[in-house]
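Position chain X against the provided structure of chain F, taking the given hints into account.
These protein sequence lines map, in sequence, to chains F and X.
Per this note's numbering, residue 30 is the first one in the first sequence, and the count goes up by one each step.
Per this note's numbering, residue 1073 is the first one in the second sequence, and the count goes up by one each step.
Quick caveat, the hints were computed from the structure, so don't treat them as lab data.
All the given hints hold, so there is nothing to weed out.
Every beta carbon over 12 Å from chain F, so not counted as near; a handful from chain X, in silico:
1) 1221
2) 1231
3) 1259
4) 1271
Listed next, the stretches of chain X that the computed footprint assigns to chain F, with coverage defined by at least 3 CB atoms under 8 Å from CB atoms of chain F:
5) 1082 to 1096
6) 1111 to 1124
7) 1131 to 1138
Here are the simulated lysine to any residue pairs, SDA-like style, with alpha carbons at most 20 Å apart:
8) F:197 - F:161
9) X:1310 - X:1263
10) X:1310 - F:50
11) X:1250 - X:1293
12) F:197 - X:1116
13) X:1144 - F:79
14) X:1144 - F:32
15) F:197 - X:1120
16) X:1144 - F:49
17) X:1144 - F:50
18) X:1144 - F:42
19) X:1300 - X:1246
Just so it is clear, CB atoms sit at the ideal spot from N, CA and C, and this is done for glycine as well.
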Amino acid sequence: MRLIERIAAGDAEALGELYDRYGRVAFGVLFRMVASPEAAEEVTQDAFHSVWRQARSYRAERGSVRTWLLAICRNAAIDWRRTKGKRLERETMIDAAFDLTAEGRVDERVLARLRAERVREAIAGLPAEQRDVLGLAFWGGYSQREIAARTGTPLGTVKSRVRLAMAKLRERLAELDEDGGTRGRSPRDT
Amino acid sequence: MSDETVRMQRHPTDDLPAFALGALDAAEAREVETHVARCDTCAREVAAHREALFDVAALAATREPPAGLRTKIVLRERGARGVGTATWTTALRSLLARPVPLVVPVALVALLVIAFAVVGQTRRDADAYARALAGVAEGRVVALAATPDAPDARGALVIPPQGSPYLVLRLPAPPSGKTWEAWVLRGQAAIPAGTADANGVFTVVLSAPFAPGDGAAVSLENAPGVDKPTKVVLAVQKT
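The following block holds chain F by itself, in its conformation from the complex (with noise of 0.2 Å):
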């Protein structure tokens, strides 16, 4: 039985080793996107709490239980932030956010260190503009059109500077792949 239905079927423990597997990456997105120890540590177990309750909802042919479980914890930290979230924490954790590209050593458990590089190199490749939106949509939750009035920058170019850094993104990540990029795991591993 593959994990997410033996969450779905009750059994904590399948819960466990979901987190064995993602739990690393969860509470490190969750951490950037709360800005602080306590309170990611809180996310994280409402995440995996949501994971818990909605497996059921799984659908295996409308992604990975890894983008499933990513799309969970950063819905959970941006209901954190709107209820619980200082202004303030937000402001400095995208700032940080941006640091990403230039940040040390990725755990070789996670990613192996190669993919870490090129990924990284990916993102840095972005113009910056590009680069940007992607930060404030991804770390910080902000909408195009919250971007757009923060930003001062018309939305419809936001929206065009979305749409080609994705494709950017993407087809700098299929690169890495045909080169023989190492992936954690394979998309549909669970």
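Positioned in the frame of chain F, the structure of chain X alone reads:
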């Protein structure tokens, strides 16, 4: 041509990256979501965007999550899922709709009083157990699975960086004349590793050597000194 048909025929291709990013406004997101739910082409595109974003997310995994977070996540859900909510509420509604003699509500009230007392103690034990595990500062914590013979039993194996591994257990009092016994599981062999007559939340330090990869179990025994576990209540085959 209906609005629905038009919506399905017009693929929101330009909005899919922002949708995958969660950067659409709520109304836009709902519209795209409706389309994606019924369009395999767009669903595949969204899935591909999300895989790329997972690679970005993985770059953030530079910080070790707090020790004990996994245990908290697992313990929160242990035993939480019984009958589905819809079924349970439907059954309750149906039950309440039936005419009942006066003695039934009286008996229910008495039962509730007893149940609250029992639940109160169980809750206190559960809290104590969670606190015990949350207090594990260093080392690895591996949850033991409860067997059908003791579905309410809880246990975790703590493997500290130094010193002997130990079990944190939440068990009822063993029946009169019986005892709880800990075991180290190595392949097909079970090695006795200590006994306890305690109840509630308690620990048992494993008295048998424990090697990486070994499992652990707790059984109910008539007396210590048996060759193999008789009635296993908690176990993890490998660590």
